[in-house]
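Dock chain G against the given chain W, drawing on the hints supplied.
For reference, the chains in residue letters:
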Amino acid sequence: MTDLEAGRTERLLPVRGGVALQRYRDVLIALVAFVVLASLPLFTGSKALLDFVIRCSAYGLFATSLNLLVGYTGLTSFGHGMFFGLGAYGFGLIMQKLAVPIPVAFIATLTITAVVAAVIGAICVRLKEIYFAFVTLAFQMLIHSTILSWASFTGGDQGLRGGIPRPAFLGIDLSNHVHLYVTSCALLVLGLLAMRQIAQSPFGYTLRMIRDNAARASFLGIDVWRAKLTVFVLAALFAAMGGMVMALFVSGAYPEFAYWTISGEGIFINMLGGVSTFLGPMVGTVLFLLLNDTVTRFTEYHGIVLGVVILFFALGLRKGLLDFVAEWAARRRETGEGR
Amino acid sequence: MKRTRTPGISRRSTLALMGAGAMTFAAPWVARAQAKTIKIGMPTILSGRVAQLGTSSRNAVMLEVEKVNAAGGLAGRQIEMVIRDSKGQPQEAARVARELVNTDGCELLLDGEASSGSFAVHEVARDLGVLCIHTCSEASSLTADPKQHIPNAFRCVRQGIHDSIVGGSYAAGIAKAKGLKKWATCSPDYAYGRDTTGEFTLYLKRFAPDVEIISESWPKLFQPDYTEVVTKILQAKPQALYSCLWGGDLTSYIDQANIYAMFNQMEVFAVNMADYTALTVVKNLPKGIHSGNRYIKTFPTTPENAAWGDAYRAKYNEYPTNWSWQNATAVMFLAEAAKKANSADGKKIAEVLKGLTIKCPFGADGTVTMRGDDHTLVGYAIGWGTTIPQEPYVPEVKAGDWKTIFELEAEWKKSKGYT
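Residue numbers (the UniProt record's numbering), protein chains in the order written: chain W, 1 to 339; chain G, 1 to 419.
Excised from the complex, chain W in its bound form (with noise of 0.2 Å):
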């Protein structure tokens, strides 16, 4: 455990009675979020800017749940992605070739994912460290593989294509760009709402108990492997619910969504917000669409920036954006204290 872990810990330790406060605080947090970004439409014209929240809504659900392995539980996925694959896919899928209403084929994409997940999951939790990292990567490439070369049900390395019909439910009509964006809001908020409960629930310290000692974990009864495995399920949900956002987007599902190089991203966009923080894979994915947009637009040797940014966090601060800011403040507050 590192020192920033170990200072964490401490500090996010539950008071009694504190609990149900923080929880009407999240929830109070999460509704003046989604007001605010539900009412952008309202003030500016600017297509690229909803486009660019429907795509961190995407990333930021598929980086969030990332977060539930790597930072509360020290589970490190290389396979993340497979999750966001399975839930275009699967979205996808289900409304190109049974025409049923959004809400039954979201509700289906996510049984199916949890189903998938928790076999997977059976089998990856039980490894430690880099072994997890390579069996996950592994049923990643599975999946991936088998998207490709199932083209008569898959279209194979051309993708869904088609596009992903959109019948209107409950009023709301995603092939609208409003409507769209404003669902798009509400996953994410949602979703992050949820992860955020979870990740406060006793439940919740369970998993840093595991990630910080799984043995003691062990011995004061608790059943790690159960407790991964929930929690590996959990994480799988919401990366899916990200890639039903990103099916949505681009109307479509491609086999690079299920691709090695999405959970890549997913551990980059970690390390740049950070993960000792609940926000912090939220505000890396905001700086990382942030950075890929604008450096694409001037050069297409995007990958050198990037790299040096990731260099950047990496060796020089050591952590990621909101680790440092959250040290920063701490500090600040420590200092002001002894004055």
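Hints were generated in silico from the structure; no laboratory data involved. All figures in this text were calculated on a predicted structure; none of them were measured in a lab. By construction, the Cβ of each residue, glycine as well, lies at the ideal position given by its N, Cα and C atoms. Just to be clear, a hint being listed does not mean it is correct.
[What the hints assert, rightly or not] Lysine-lysine pairs mimicking BS3-like chemistry, simulated, CA-CA at most 25 Å apart:
(1) K403(G) / K414(G)
(2) K97(W) / K416(G)
(3) K97(W) / K147(G)
(4) K232(G) / K178(G)
(5) K220(G) / K283(G)
(6) K232(G) / K181(G)
(7) K340(G) / K39(G)
(8) K237(G) / K220(G)
(9) K47(W) / K232(G)
(10) K220(G) / K232(G)
(11) K97(W) / K413(G)
(12) K36(G) / K47(W)
(13) K97(W) / K414(G)
(14) K283(G) / K67(G)
(15) K47(W) / K347(G)
(16) K403(G) / K205(G)
[Claimed, not checked] Listing some non-contacts, in silico: residues in chain W with all C-beta distances to chain G over 12 Å:
(17) L28
(18) D223
(19) L315
Frame of chain W; chain G shown alone:
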């Protein structure tokens, strides 16, 4: 007095940040204010393993756009190209295409994406209603499948099915003349490789019914080592081999198969050989490989085509690629359609593009046509020939017959349930 400095962002940098922010938000309006020019957006692949697709497409587009601008532009408006890298990722292609239209104010799109990226851009075109010409995706279903059809998208690219029909009939002729009955195939393991090989063998057997496929190999895309594939083929002892490997894969394959002297032991039909990207990179180009024409400045054997190839080479110090001629043709189509419509408006250009025939250095008879019913390019120069190790690399190309192509293509469409 000791000066103290409060920690945090200084006033000066705050102002600079605000200025930068204002510029970012003002940029689209500034751009729109200069409405005299017309912006054409182009998402393409400029980085990674197939970056040459994007760079050679961009080169060709810029070469043609300069000509159009010198001649007065699109209906009097100078063209400004905005070309961006999608890294070959479909979600990036969709994002870039949307950004080009929504933020940069591009009124037309040239889609320089391959495979899945082109379908992603197609969906953007469907959503935004902007005129889009695909210039790199050879997947037949992009225009053949009626589910894909939208009034504002066109494809100015050679097509897998056309290549297979011409290749099948050419190869069948050689098979009959030389008695080649045992065939092997070796193609990349993804949709393009599987489909193209399937269609080629379908037409090969149709024209030469006693041909038999005795061995199939499916190396992975971008596989570095082909030893096992080469030895498998040699053990099967076929009389002929078909391959639709392309680019770096094809050149590595040939270099490695040369070690086993494969090319002396069988006739080789490699549809993607006759492209300068492959021809100039292979260390010892074997004599007598049969290939389809990708781009070669000696076919069609017209002074216009040779002049175009030389002009490109003079400007960029390399030969054009198959993607180059396709992108150049797309700009030619836009220019001609805008002239006919007397407007640079996407909808009006789309109306005129349907069924439009233009003079073009890459046409089989000096012209190419944008077929009206499925919005796809036909009448381009297509043929097969055999290689020699030095320029002109493929001295004689036997042209394919478009009448046969049309007949068999219609049959194929029916068999796929497209018509």
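Consistency of the hints with the structure:
1. K403(G) / K414(G): 17 Å, holds
2. K97(W) / K416(G): Judged against 25 Å, a Cα distance of about 18 Å means the pair holds.
3. K97(W) / K147(G): OK: K97(W) and K147(G) at ~14 Å, within 25 Å.
4. K232(G) / K178(G): Given that 25 Å is the threshold and the Cα spacing comes to 23 Å, the pair holds.
5. K220(G) / K283(G): 22 Å, holds
6. K232(G) / K181(G): With Cα atoms ~18 Å apart, K232(G) and K181(G) stay inside 25 Å; holds.
7. K340(G) / K39(G): Satisfied, since the Cα-Cα distance of roughly 19 Å is no more than 25 Å.
8. K237(G) / K220(G): Between K237(G) and K220(G) the Cα gap is close to 22 Å, so the pair holds against 25 Å.
9. K47(W) / K232(G): 54 Å, violated
10. K220(G) / K232(G): 15 Å, holds
11. K97(W) / K413(G): Holds, at about 22 Å.
12. K36(G) / K47(W): Status holds; Cα separation ~23 Å.
13. K97(W) / K414(G): 22 Å, holds
14. K283(G) / K67(G): 36 Å, violated
15. K47(W) / K347(G): Within the cut-off at roughly 22 Å; holds.
16. K403(G) / K205(G): 19 Å, holds
17. L28: 28 Å, holds
18. D223: 39 Å, holds
19. L315: At about 23 Å from chain G, L315(W) clears the 12 Å cut-off, so the statement holds.
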